[in-house]
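**Student:** Each chain, written out:
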Amino acid sequence: EPEVTQTPSHQVTQMGQEVILRCVPISNHLYFYWYRQILGQKVEFLVSFYNNEISEKSEIFDDQFSVERPDGSNFTLKIRSTKLEDSAMYFCASSTESNQPQHFGDGTRLSIL
Amino acid sequence: DQQVKQNSPSLSVQEGRISILNCDYTNSMFDYFLWYKKYPAEGPTFLISISSIKDKNEDGRFTVFLNKSAKHLSLHIVPSQPGDSAVYFCAASEAGNNRKLIWGLGTSLAVNP
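Protein chains in written order, with our numbering: chain A, 1 to 113; chain B, 1 to 113.
I should point out that these hints are in silico values taken from the structure, not numbers from a laboratory.
Relax, there's no trap hidden among the hints.
Keeping only pairs whose Cα atoms sit at most 20 Å apart, straight-line, the calculated SDA-like set for lysine to any residue is: (1) A:K42 - B:S74; (2) B:K5 - B:H72; (3) B:K38 - A:L39; (4) A:K57 - B:G96; (5) B:K38 - A:H10; (6) B:K38 - A:R109; (7) A:K42 - B:Y32; (8) A:K42 - B:N22; (9) B:K38 - A:T5; (10) B:K5 - A:L39.
Counterexamples of contact, computed for chain B against chain A with all Cβ distances above 12 Å: (11) L11; (12) Q14; (13) I18; (14) D24; (15) M29; (16) K56; (17) G60; (18) L66; (19) K68; (20) A70; (21) S74; (22) G83; (23) N112.
Chain A is faced by these chain B residues, among others (derived, beta-carbon under 7 Å): (24) G43; (25) F46; (26) S49; (27) R99; (28) K100; (29) W103; (30) L105.
Even glycine gets a Cβ: it sits at the ideal position worked out from N, Cα and C.
Whenever a hint applies, use it, and build me the whole structure from the sequences.
**Tutor:** Spelled out as structure tokens, the structure:
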């Protein structure tokens with residue numbers, strides 16, 4: 001069964017450094033999402049992406065965050081200058097249509113030191 | 001942000017019995033509801049969904065019930081199996097091109113042999 005894959009599974013980065021989280025969505029999916037879950041808290045929406053542009057972003061997704069779909073298969077989340085509070089599990093998801101279930105990768109655990 | 005609430009952090013059930021997981025929501029604009037299952041170190045796995053035009057959806061051992069007037073949904077698992085032990089998340093979205101998911105905090109289900 002096709003699946004969403006995320007790399008790396010764990011990323012440790014010094015505060016202030018840039019980090020890129022990578023995702024390969026399911027190949028025929030058109031809608032792409034990033035969510036995060038801080039330990040002990042709810043899963044939170046970060047950003048949605050469709051037709052090569054951001055369709056919605058949350059308050060969390062400030063100027064330090066960006067997304068890109070550089071080559072038609074990868075979908076990346078970049079954090080330009082990481083902060084301690086960016087430490088979380090980051091999940092990528094994709095769906096065929098906006099009203100269809102989103103399918104998730106196994107996440108990247110981001111630890112900021 | 002308490003738009004989706006799962007008030008039971010944990011539930012313990014005997015193998016073969018019914019598991020009932022509950023979810024309440026406050027946003028009357030939600031029209032699509034999903035249940036996800038999550039094992040440790042994995043991403044959320046889609047289980048079952050329901051549109052607000054229905055009050056019940058069934059898939060094998062899993063049934064979701066929606067009570068729109070009470071803004072309440074529940075997931076029934078019958079019969080429960082030890083492999084069902086996981087964290088179950090309720091999520092909801094509003095109509096639109098984006099359909100970002102709003103999540104509950106999850107309920108940890110333990111099915112005892």
